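J.: Line by line, the protein sequences are chains A, B, C and D. 2 is the number of the first residue of the first sequence in the working numbering; add one for each residue after it. 2 is the number of the first residue of the second sequence in the working numbering; add one for each residue after it. 2 is the number of the first residue of the third sequence in the working numbering; add one for each residue after it. 2 is the number of the first residue of the fourth sequence in the working numbering; add one for each residue after it.
The calculated lysine-lysine pairs, modelled on DSS-like cross-linking and capped at a C-alpha distance of 25 Å, are: (1) A:K132 x C:K8; (2) A:K111 x C:K99; (3) B:K132 x D:K111; (4) A:K8 x C:K132; (5) B:K99 x D:K111; (6) D:K132 x B:K8; (7) D:K8 x B:K132; (8) C:K132 x A:K111.
By construction, these hints were calculated from the structure, which means they are not laboratory data. Quantities reported herein were computed from a predicted structural model and do not represent experimental measurements.
Number of protein chains: 4
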Amino acid sequence: MPDLQPKDPDFEARVRASFTRQAAMESLGITILRLQAGEIELAMPYNAAFTQQHGFMHAGIITTALDSACGYAAFSLMPADAGVLTIEFKTNLLAPAKGELFTFRGHVLKPGRTITVCEAQAFAHDGGSSKLVASMTATLMALLDHESVRG
Amino acid sequence: MPDLQPKDPDFEARVRASFTRQAAMESLGITILRLQAGEIELAMPYNAAFTQQHGFMHAGIITTALDSACGYAAFSLMPADAGVLTIEFKTNLLAPAKGELFTFRGHVLKPGRTITVCEAQAFAHDGGSSKLVASMTATLMALLDHESVRG
Amino acid sequence: MPDLQPKDPDFEARVRASFTRQAAMESLGITILRLQAGEIELAMPYNAAFTQQHGFMHAGIITTALDSACGYAAFSLMPADAGVLTIEFKTNLLAPAKGELFTFRGHVLKPGRTITVCEAQAFAHDGGSSKLVASMTATLMALLDHESVRG
Amino acid sequence: MPDLQPKDPDFEARVRASFTRQAAMESLGITILRLQAGEIELAMPYNAAFTQQHGFMHAGIITTALDSACGYAAFSLMPADAGVLTIEFKTNLLAPAKGELFTFRGHVLKPGRTITVCEAQAFAHDGGSSKLVASMTATLMALLDHESVRG
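So here's chain A without its partners, still in its complex pose (with noise of 0.2 Å):
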């Protein structure tokens, strides 16, 4: 098991305040579900405007939602002064985006001072069911000396 001991006491907040300022958060209607050092799930409604040409919610903006959790749960262990960057990620998309309402759980696979590894899985939920749609591995870099790019 990682170890997931926030360097910053108050890193809710801070998940928080960065996440209100992704303003695509918004437009996609992604909220914050719960939250933790390390780990954070997300919830995002079906929205006809963001499909694909079946009418399922488009991949891409699957991986929008599972790259803010693998990005915040990061960035909830990083130091108060720190900014967040994606290196990379990799989805891989295991059933139809079907369903009414979508959830992202996001966690920390391996924390480091430079580099964090994390992990974050999407679930559809369609009347009482839900199903595993989605995963993702992203490798996030934390940056302790650019200020312009603050998470």
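Dock chains B, C and D against the given chain A, drawing on the hints supplied.
T.: Structure of chains B, C and D alone, referenced to chain A:
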């Protein structure tokens, strides 16, 4: 060099029709700049509604356009009755997505009857200069017998 | 939880026979520790012949074992006449592969008729302690009609 | 085009010395064919000892050579006192690794002070023909203050 012979001579109309059905493309302002067999170029203007915490385009939104570029590059080579499904993609974020306009070039690296591998690159255009800001490798699958997910 | 019902009741003999045909496993000293439907655990001793420039096991060698773990986890669920092919994998290197013994746990995340997605983790054992050193996500394909690449 | 100016004029000697310390390269018969700043080409003969169940080179062994190609392409641009660490890589397997000889071309896509992104391709040579069999995208990190993992 891969063999980029389209199996469907009417691939262009088929790609454009499917692209038009992707509501996410219209919502994000993504359009087709150029299309040929196994290759496509898309464009997307800057839109403050889809930014991350520093005001740059969200990596997931850049990925949405890259995914469509890969998907339609692959789809252009598929038989007329095939659907296309993204199995997975990986995005490397190379520089902040800062610019007025973004373009996305996708091409088929390895076509196949079932599996097609594509690459795409995202460029940010700012003032007179252009910069590579992200790259993707994606695996796509041709669906020949799944009416419900036809391209 | 994915449905990990094997289609072939004799999957264990089939997996072990294919594993034995992988000369690379014997050359690297990789053996099967544990096998069940959709899950496998492999072991590999430290071997100075396969190290990188700092004397740790080469990331590609760790990846070789992770790939086999993913491949055989997937193969265990496939029909008796199927072959298995790796489409792609991604490895995150989380810590130097430093230890006397390495173990690799692979499991099926999402089984499918054609496409199966697996995850695997590599652990280094050194003295009495164990450490997660790498993780993989892999996409595998069942080949039902390609005699020449049968598993 | 990325700026491929080496920070160390003696990069070639430094790359070759580090490569020689990778015991895995000698055990697999991998050699440097060509080296310049930000680019490298490696070669590996077919070796039945490192095959998978169908007698082709194991995907993990192909990945070992691709990883070294990416690592040394990145390392060639780094300062003289830096070490190089692979953070992650993804390999797409495009065709069976069937041939007498394999070559691997790695180049830097995006150099950076801390993070470098590289791409590499593997080719199989069989009789007079050559075929692209795998591609990799890799993220490398320069270590400037970790003596113990110096390149």
